[in-house]
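Asker: Chain by chain, the residues:
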Amino acid sequence: MHIVVCLKQVPDSAQIRVHPVTNTIMRQGVPTIINPYDLFALEEALRLRDRLGGEVTVLTMGPLMAEDSLRKALTFGADRAVLLTDRSFAGSDTLATSYALSMALTKIGQEFGGPPIVFTGKQTIDGDTAQVGPGIAKRLGLNQLTYVARICDLDPQAGTISVERRAEGGVQVLETRMPVLITMLEGTNEMRRGSLDDAYRAARSQIVKWSAADAGITELAKCGLKGSPTIVKKVFAPQARAEKVQHIASSDLSTDALAANVMAAIFQKQPALEGDLLRFAAGQ
Amino acid sequence: MIEERFDAIVVGAGPSGNAAAYTMAKEGLRVLQLERGEYPGSKNVQGAILYADALEKIIPDFREDAPLERHVIEQRLWTMDNGSHVGMHYRSDDFNEERPNRYTIIRAQFDRWFSGKVREAGAVLLCETTVTELLRDTAGRVIGVRTDRGGGTAFADIVILGEGVNGLVGQRAGLRPELKPDTVALAVKEMHFLPRETIEARFNLKGNEGVVIEAMGTITDGMTGTGFIYTNQESISIGIGCIVSDFTESSCTPYGLLEAFKRHPSVQPLLEGSECKEYVAHLIPEGGYNAMPQLYGDGWIVVGDAGQFVNAVHREGSNLAMTTGRVAAETVVWLKRRREELSKANLAEYQRRLEETFVMKDMKKYRKIPSLLHHNRQFFNLYPKLLSGAAQTWFRVDGIDKRTKEKQIFQSFRAGRKLTGLIGDAFKLARSWR
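Heads up: the protein sequence lines correspond to chains A and B, in order.
Its first residue numbered 16, the first sequence is counted upward by one per residue in the numbering used here.
Its first residue numbered 21, the second sequence is counted upward by one per residue in the numbering used here.
A hint or two may mislead.
Restricting the straight-line Cα-Cα distance to at most 27 Å, the calculated cross-link-like pairs of lysine-lysine (BS3-like) are [claimed, not checked]:
#, chain 1, residue 1, chain 2, residue 2
1, B, 438, B, 448
2, A, 259, B, 364
3, B, 388, B, 448
4, A, 284, A, 153
5, B, 405, B, 381
6, A, 224, B, 137
7, A, 284, B, 448
8, B, 405, B, 200
9, B, 46, B, 364
10, B, 63, B, 364
11, B, 77, B, 427
12, B, 137, A, 284
13, B, 427, A, 259
14, B, 381, B, 438
15, B, 297, B, 385
Computed footprint of chain B on chain A; a stretch qualifies when at least three of its residues, placed anywhere within it, have a C-beta under 8 Å from a C-beta of chain B [unchecked claim]:
#, segment
16, 171-182
17, 209-216
Calculated directly from the structure, the hints in this document are not laboratory data.
Think of the CB as a built atom: it goes at the ideal place given N, C-alpha and C, for glycine as much as any other residue.
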């Protein structure tokens, strides 16, 4: 079975700074990572491949440096990587992105075999829209299964798949026919460590690079800034909290003494807490 | 699983490993480089100063695209007492040369660049791959490595160990002993962000000029160690480090020392209004020549920090790392060209070649310094205080005549450390320096 995983290279949100004047994210010098939610999608795809045979292709759209993330996905065990990269994609919102990716997916189907399953993460950590996955499904006419926590059953012969979907107030068990687009929930699995052979292959692989034209995209008006109806009216940074890190020392270096000093410092800031804790400890 | 065979395996993608891998790959050897970090540089910590000479000998045109911060035009040496410092500054426009001699760098960026060059040269780099043990044949010759990727193995004619200060692979294999607390320093560093213009105004710089401040004295609270402040383009690196055994004997913590250093009135205004974005710590091998392990054996060579190649007095390390990596690689290439075995006897050529470079000459010159400084704490506490007191007496104008002031200064030194102590210290220092 051929499975495609769409993933995105994102700035490591733990290390992002916001420009004090323009309020835009300062990406310079910030390390990039694979969108963490996409890793659950990738691992799920790799597990299906290991169980049922076939191949996993990873696909991303982005600048040339997104190659790093694809190579990393190969290290985890993906079989093939496709980078969709073109200046005309710059400034894409979710509508334009899902258009470009759906075109690339069609092309992948022609070149490497049509995928019964396309995976994405439930959302990205930089955009947080959760729109691109469903957008792709709609454009390609795939059944969509969002916020999937577990794949219960998959019958390649019958072409059916059933999953657990986390929904408000409970868990839905859904069954549908493939081809499907699945957006994977976090915490559903744990990313494996690729073998040494995977690492060699990732280091030596040529990553497939497609421009808009290579992917068969002729309507450039649907791409990039031109194809993006979303307008950012205003960006603001949340007020940073005033609290600063406090170094708490103690004259003797025992952990008990340090802990006591830390507790004292906390109680000083939150006087009600000590009484609450004591009452809690007393079982009230 | 296909059994992979290489001419050489390099453990580590720091300055020494990269220098070795690049030099061998450029000469057409099949090189596998293994790095445990997420990317080259992710585990590496340095002040950091790049010494152009060592890199030029490996990549002559590195200035064209290497991520360099500022070229150093001024060196300040500070002897610090609480609330004061006596400084010696050397600044020269000669350092604004076409091919500057020293640069400040940010290692995470620089190492990625260097690693890119290594891969361009043809080496295969695998990150997030830890070497767990060296593989040997029945004769005890090292023939390859085992990794933590499912126990996967790789084989080569030589394994070059550039695994850093606390190189566990070599230690586990019994190639060198575990680090001793009195031969290794623990340094902590912070990166403080400031606008370019602010840095240039505070440090009296223009363009890409940079300043290096090295400080010693009461900031280490009597322990053997130094502090430093380096200017990057839009940040300042500030750090302090002391010998590990000193930390265990004293009640000081590394971050406590750094906090106090940052609050020192000579330092605080330089950092005013900055935003701390990074806090890192690392070990530095400072045992010197006497702590150096065996550097080669049947099928293996040690380079960089793993071989204790650090000149603690001059704060040099990365240049020694690059040079040992390059020389090790050149030795391997030379032996392979001559179709000679990479045996212990033949690899002695590595050490012979190193003896001819500044690396071994400097290591030998300062061989007695580590133990001298370690056993004579007056160099870090008493003398800085006396020097600072003397400077204050001398420069304060208060109606006391200069001859009396001279006497006061001389008496302060005699009271602090009797005449025999003073002469003895001068003698010891001179003899160790020789």
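Asker: All hints, please: hold or fail.
Answerer: Structure-based check of each hint:
Our distance criterion of 27 Å between C-alpha atoms is met by residue 438 of chain B and residue 448 of chain B, whose separation comes to about 15 Å. Distance hint between residue 259 of chain A and residue 364 of chain B is unfulfilled; the C-alpha atoms sit about 56 Å from each other, more than 27 Å. A distance of roughly 10 Å separates the Cα atoms of residue 388 of chain B and residue 448 of chain B; the hinted pair therefore holds under the 27 Å criterion. Restraint check for residue 284 of chain A and residue 153 of chain A: the C-alpha separation of about 52 Å exceeds 27 Å, so the hint is violated.
Restraint check for residue 405 of chain B and residue 381 of chain B: not satisfied, since their Cα atoms lie roughly 33 Å apart, outside the 27 Å limit. As the CA atoms of residue 224 of chain A and residue 137 of chain B are separated by approximately 22 Å, the hinted pair is consistent with the 27 Å bound. At most 27 Å may separate the alpha-carbon atoms for a hinted pair to count; residue 284 of chain A and residue 448 of chain B exceed this at roughly 54 Å. Using a Cα cut-off of 27 Å, the hinted pair residue 405 of chain B and residue 200 of chain B is violated, with the two alpha carbons roughly 30 Å apart.
A distance of roughly 24 Å separates the Cα atoms of residue 46 of chain B and residue 364 of chain B; the hinted pair therefore holds under the 27 Å criterion. The suggested pairing of residue 63 of chain B with residue 364 of chain B is violated, with an alpha-carbon distance near 31 Å, which exceeds 27 Å. For the hint pairing residue 77 of chain B with residue 427 of chain B, the CA-to-CA distance comes to about 53 Å; that exceeds 27 Å, so the pair is violated. For a cut-off of 27 Å, the pair hint linking residue 137 of chain B to residue 284 of chain A is broken: about 53 Å separates their Cα positions.
The suggested pairing of residue 427 of chain B with residue 259 of chain A is violated, with an alpha-carbon distance near 49 Å, which exceeds 27 Å. A C-alpha spacing of about 35 Å is found between residue 381 of chain B and residue 438 of chain B, which places the hinted pair above 27 Å, so the restraint is violated. Distance hint between residue 297 of chain B and residue 385 of chain B is unfulfilled; the C-alpha atoms sit about 38 Å from each other, more than 27 Å. Residues of the segment 171-182 of chain A lying with their CB closer than 8 Å to a CB of chain B number 0, which falls below the three-residue condition for coverage.
Only when three residues or more bring their CB closer than 8 Å to a CB of chain B does the claim for the segment 209-216 of chain A stand; here the count is 7, and the claim holds.
Checked against the numbered hints given earlier, the structure breaks hints 2, 4, 5, 7, 8, 10, 11, 12, 13, 14, 15, 16 and satisfies all the rest.
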